[in-house]
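**Q** Starting from the structure of chain A, add chain B where the hints point.
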Amino acid sequence: MAGKIAFMILTPIVLACGVLLGYLDREARERGEARPDYVDERQILIQGKAYKYCFALVFVYTVLYPFACLFWPVLQTQAISWFIAGWFAVYLFFQIYCIWKDAMFINSDHRKSGLNGHLWSGIFFIALVYFQDGLNLEHWFIVLLIILHAILFLNILAKILVDRTRDAGD
Amino acid sequence: MKNLKLKSARAAKDLSQEELARRVGVSRQTINAIEKGDYNPTLQLCIAICKELGKTLDELFWEPEP
Chain A
842 MAGKIAFMIL TPIVLACGVL LGYLDREARE RGEARPDYVD ERQILIQGKA
892 YKYCFALVFV YTVLYPFACL FWPVLQTQAI SWFIAGWFAV YLFFQIYCIW
942 KDAMFINSDH RKSGLNGHLW SGIFFIALVY FQDGLNLEHW FIVLLIILHA
992 ILFLNILAKI LVDRTRDAGD
Chain B
2 MKNLKLKSAR AAKDLSQEEL ARRVGVSRQT INAIEKGDYN PTLQLCIAIC
52 KELGKTLDEL FWEPEP
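One line per chain: the protein sequences are A and B, in this order.
Take any residue in the first sequence, note its place counting from 1, add 841, and you have its number in the numbering used here.
Take any residue in the second sequence, note its place counting from 1, add 1, and you have its number in the numbering used here.
Don't take every hint at face value.
[Stated by the list, open to error] Straight-line alpha carbon distances no greater than 30 Å define the calculated BS3-like cross-link-like pairs of lysine-lysine that follow:
1) B:Lys37 to B:Lys8
2) B:Lys56 to B:Lys6
3) A:Lys1000 to A:Lys953
4) A:Lys953 to A:Lys942
5) A:Lys890 to B:Lys14
6) B:Lys37 to A:Lys893
7) A:Lys942 to B:Lys3
8) A:Lys942 to B:Lys37
9) A:Lys1000 to B:Lys37
10) B:Lys8 to A:Lys890
11) B:Lys6 to A:Lys1000
12) B:Lys56 to A:Lys1000
13) A:Lys893 to A:Lys1000
Everything labelled a hint here was simulated from the structure, so no lab data went into it.
The following block holds chain A by itself, in its conformation from the complex (with noise of 0.2 Å):
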């Protein structure tokens, strides 16, 4: 029964990532063909900047979480997701300082796709989760990613209602 329901779940998720995947490498490859000489320096240099804030962060959450697991018994038992959930955090922290300092988003129509984008993944996650047998913690990892793009489109909105104000005589 548990390997039926993990078939049906990973299966559609499975099959969207590939399609999400193919989508965002045709897209890449317009965008490329497109403008092939947008290279933003600034945008460069603060990407790498919040990278290796994210190395330094990854390695101590790597070296410091077994340590964790000997002395909290919770992280024992649900060893695996709390560990995704911490890289997850680390992957948002890079979004959220990249969106921040206006380097993830090359013109304000590619950062209104990135808004659909973020929205429409998180519809998709939550239907996913409302069409098998409802909210529970076997799916965690869906959660996990509700949460993420739920997290990544307020923090865009915000941005964008921020800029909108902040801009406004430029």
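**A** The following block gives chain B in isolation, referenced to the frame of chain A:
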């Protein structure tokens, strides 16, 4: 320190930050950061901006001694 010379040169050419950014191949926020003095661009980007606005490096980026 704000780069008002860049801002006025851009305005004289009737270009928005978005349009100038598109022409020199960077994001609008980068042009905004340069105008506000929050970011020091590389020589390569300075030259690209100067060529686009029809100005020299001295005219846009040289600050005279006080």
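**Q** Now, for every hint given, state plainly whether the structure supports it.
**A** To see whether the hints hold, each was checked on the structure:
{"no.": "1", "hint": "B:Lys37 to B:Lys8", "verdict": "holds (9 Å)"}
{"no.": "2", "hint": "B:Lys56 to B:Lys6", "verdict": "holds (10 Å)"}
{"no.": "3", "hint": "A:Lys1000 to A:Lys953", "verdict": "holds (11 Å)"}
{"no.": "4", "hint": "A:Lys953 to A:Lys942", "verdict": "holds (16 Å)"}
{"no.": "5", "hint": "A:Lys890 to B:Lys14", "verdict": "violated (35 Å)"}
{"no.": "6", "hint": "B:Lys37 to A:Lys893", "verdict": "holds (26 Å)"}
{"no.": "7", "hint": "A:Lys942 to B:Lys3", "verdict": "holds (19 Å)"}
{"no.": "8", "hint": "A:Lys942 to B:Lys37", "verdict": "holds (14 Å)"}
{"no.": "9", "hint": "A:Lys1000 to B:Lys37", "verdict": "holds (18 Å)"}
{"no.": "10", "hint": "B:Lys8 to A:Lys890", "verdict": "holds (28 Å)"}
{"no.": "11", "hint": "B:Lys6 to A:Lys1000", "verdict": "holds (28 Å)"}
{"no.": "12", "hint": "B:Lys56 to A:Lys1000", "verdict": "violated (33 Å)"}
{"no.": "13", "hint": "A:Lys893 to A:Lys1000", "verdict": "holds (23 Å)"}
Hints 5, 12 from the list above are not met by this structure, while the remaining hints are.
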